[in-house]
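Novice: Respectively, the protein sequence lines represent chains E and D. Using the working numbering, read the first sequence as starting at 1 and increasing by one per residue. Using the working numbering, read the second sequence as starting at 705 and increasing by one per residue.
Fair warning: there could be bad hints in the mix.
What the hints assert, rightly or not - Sample of chain E residues with no beta-carbon within 12 angstroms of chain D, all distances over it, derived:
no., residue
1, 61
2, 161
3, 631
What the hints assert, rightly or not - Where chain D lies over chain E, by a calculated footprint (3+ residues, C-beta under 8 angstroms):
no., stretch
4, 467 to 474
5, 576 to 584
6, 617 to 628
7, 668 to 678
Hints in this document: simulated from the structure, not taken from any laboratory. Glycine is no exception: its CB is placed at the ideal position from the N, C-alpha and C atoms.
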Amino acid sequence: MTTNVIGKPLPRVDGRAKVTGVARYAADFNQPGQACAVIVGATVGLGRVTGIDTGPVEKMPGVIAVITHRNAPRLPYAPHKSYIDPATGERLHVLQDDHVRFYGQPVAVVVADTIEQAERGAAALHISYTPERPIIDPADAQALPVVPEAGKQPDARLPADTARGSADSALADAPMRVDEIYEIARENHNPMEPHATVAAWNGNRLTLWSKSQFVVNEQAEVAAVFGLPSENVQVICPFIGGAFGTTLRTWPHVTLAAMAARQVARPVKLVLTRKQMFFMTGHRPRTLQRMALGATVDGKLTCIVHEGTGETSRYEEFMEALTSVTTFLYSTPNVRTRYRLLPLDIGTPNHMRGPGEASGVFALECAVDELSYKLGMDPIDLRRRNEPAIDEGENRPFSSRSLMKCYDLAAERFGWSRRSPEPRSMRDGRLLVGMGVASASYPAFHAPASARARLLADGTAEVEVAASDMGPGTYTSMTQVAAETLGLPVERVCFSLGRSDYPPAPSHGGSWTMASVGSAVRAACLAVQKEAGKHPQSGRPIEAIASSQRDPDAAARFSMHAFGAVFAEVAVDPDVGTIRLRRAVGAYGIGRVVNPRLARSQCIGGMVGGMGMALMERTVLDSRDGRPVNAHMADYLLPVNLDIPQLEAHFVEELDPHVNALGVKGLGEIALVGMAPAIANAIFHATGKRVRASPIRIEDVLTV
Amino acid sequence: MLPFTIEKATSIQGAIAAASSGRRFIAGGTTLIDLMREEVERPEHLVDINTLPLSDIRIEGSDLVIGALARMADVAAHPDVQRLHPLVAESLIEGASPQLRNMASIGGNLLQRARCPYFRMLDASCNKRSPGSGCAAINGLNAGHAIFGTSNHCVATHPSDIAVVLVALEATMQVRGPRGERSFPVEELFRLPGDTPHLEHTLLPGELILTVRVPGSPYSRRARYLKVRDRASYEFALVSAAAALDVGGGVIRQARLAVGGVGTRPWRLGAVEKALIGKTPDRKVFETAARLAIEGARPLSGNHYKLELLPRTIVRALEMTGEAA
């Protein structure tokens, strides 16, 4: 029996719980006898802590403990690395020594009966330092790039260097050239929900109600930090109020909450402030990229040279897929990519929606746009002219690639034919109007995952996975997969996630939850049905656990990526430089769409993220002490409702039998990738001014 | 947040008496509470004036009289304000966000503290917050800071939008203190930072703003407020301009122009006004006059763009006076 629920635009199964406040987020899990902890961050950007005057704070009302590197337990910090952690370097060992490595690094925790008392204590704690000048500016002469250790092997997932053909000599010989530098600003994730952990010990067992996109890794990491068997740690996180990657890793505050709870022998709640979320929970790294394209006069790409450098901390080498897309987006015989890291006195960056790809594609797609103007060629025609038949970087076919179909669909919906090609040629009254396009791409990953399915005697089913739902609708889409596989109506399926004692799931990032967890849910449902067939009418619950991973044969044969085309229209005020996005249309080839309503919602969110990247978002550091100066929602600009125009997301029909049994590619990241370059290209079309640094703001377009 | 006491004022006299003995007024609280949470402001005693009868919005003759406790949203939505003083409504709608406008009072708006990031960071030097500690912004990140009225001690802008309009329209304010009532131009409320940037206004201890009076004028209908910023709402002005023209017989008879986002207080541009008088209201005239706006400007490392943006904003605002809002 099939109910055909996959593909239906069901509303969120957890929507009611969320809007009625029944859904519980990490900080909602108050425990009896709980104390509150507040982190004190370093007020220097580099140096050593020389003195902490804890005495007066310890005497303050309600204060239970002031924990610093002087009295903190020396934690085992057993080796632990998941794929979400930088492969090279070692995580920050919090309160284990007197070193300050970046501004805002935790240097103390004040624990008190109430949050107000803990905040008071934290504000009153006097700490002295011997400060040194941090190097935080990529342009600083003392900032020296390094070859990322984990990229040195040619078969590395993110190789530092790749080459096919001879790109540099092809560039020298090319009749048409673009060779420019593009800069992406540091961005912070800024989800609505702050990072929060409630920690409670029971003997040698620890429960963490903690905001996490990867509960099984948080379990394993905290166990390693405290030297516990993994099964002694339980991580619970049923709901996430947005994350965009910031809770993929387990940051020091989680350890601090657990440390504090053990120290005071009470459950402890620790919630980061909005400001602290700019200090210690990762960020999209600043990147500098040289993008050089060579082409024939009729628009055939002869080469691409892409050299990108991303900032990282001094203690970990954070890598992202900055140059990956360059190797397969276009057909060209000569490509050379180079990826370097710039260690600075900052906290380690981490993945932020569309990590690497968003920044790399910005450079590539702006450069292709620049080339189109040099050639006098329509930017879509230029892309069509260079559309590859296979992944030329890996020399194997794509499992599916619908990029040109995406262009066709989005161009029609957008009305691209109404665009006049000349820059500054379109107006609406006084305003300069511009239209721009860009391609988007993101890998169709699939990680091993497992799930448990249980058929109950009342004819309902329960499915459990240690997955997460940071907003895309995992609860709903997995319910659909289970209902479809079991042949049950969705109301009879209860899907649960967010507990580390459920069957393990991969990190909730990289757009692979639908493929990985979805395939595991399907496998578990098939397994439990098979089990049920063996014991008909037993009257007892029947349970099965199954796991899934990508078919290795398909993985070896095909290059698997999602593609999309993004169109943007901007209006620029020629007098005062105000830039407003007027509308945007994206079309995406993402395999099968499990829930079009959620998919569209997710795309619109991603497009808003790309809009922020293009026009507003930038964390600014004071070079004197590395302090993020605009660590405040009034000063770190994100699009508000009044900025966000009509955004359309469409999906092309794409059947891909190779990616996984569900035929899904995932779409969390790709919805952001492509948006920023489409807007940048539209701004050029409107103004004739090419701005190669994000975000593009009034001061950048005031003068041509 | 530090502990504090709060009491409700039951009369204007009572409120003034309370403030004279060191209590701080609190109205909408949109600035004060925010800064108290960050411990930038540390009042020990507050007196809540929200129930005082100072919320009236009325027309007297051709003047608009706004009670100090009238909320930004209520003033902006008031039909008489929209009809007779659209410039006031326009500037209020450009300020803050709907949530803040519902709470913030007109008196509190005028007294809001500077919007400098270092002012809000207790571990940064700031002469406004802790006199004598230095100014982190002068050699720091100062793209949003002032180019007029700065000193070696402070370069923060005054953030209010409505204040720019009130200064342009030569509004006055009525205040009452322990020694009685007085009235003075809104422009005189704001101090330049000089070497005492912690002193921002000229109210005497215990003085309470009662009303703001916007005089009716021949150009109050031909007046516009243009606020230039990177996002459409909830951002302070990079540059703003309140422009009003009285045009008769094809020439500008009188002009009023004040700008925001560029001065340590709302900045009236008398030289530009003078250059407009007697001229025909066209773009060329506006451009010539607007060039005078940046005379005496002292840009900082990060805000040179304001020298370009300010005249452009003025030209556009002057043009807009001839267009419907």
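Novice: Each hint needs a verdict: does it hold in this structure or not?
Specialist: Hint-by-hint comparison with the structure:
no. : hint       : result
1   : 61         : violated (10 angstroms)
2   : 161        : holds (36 angstroms)
3   : 631        : violated (8 angstroms)
4   : 467 to 474 : violated (count 0)
5   : 576 to 584 : holds (count 5)
6   : 617 to 628 : holds (count 4)
7   : 668 to 678 : violated (count 0)
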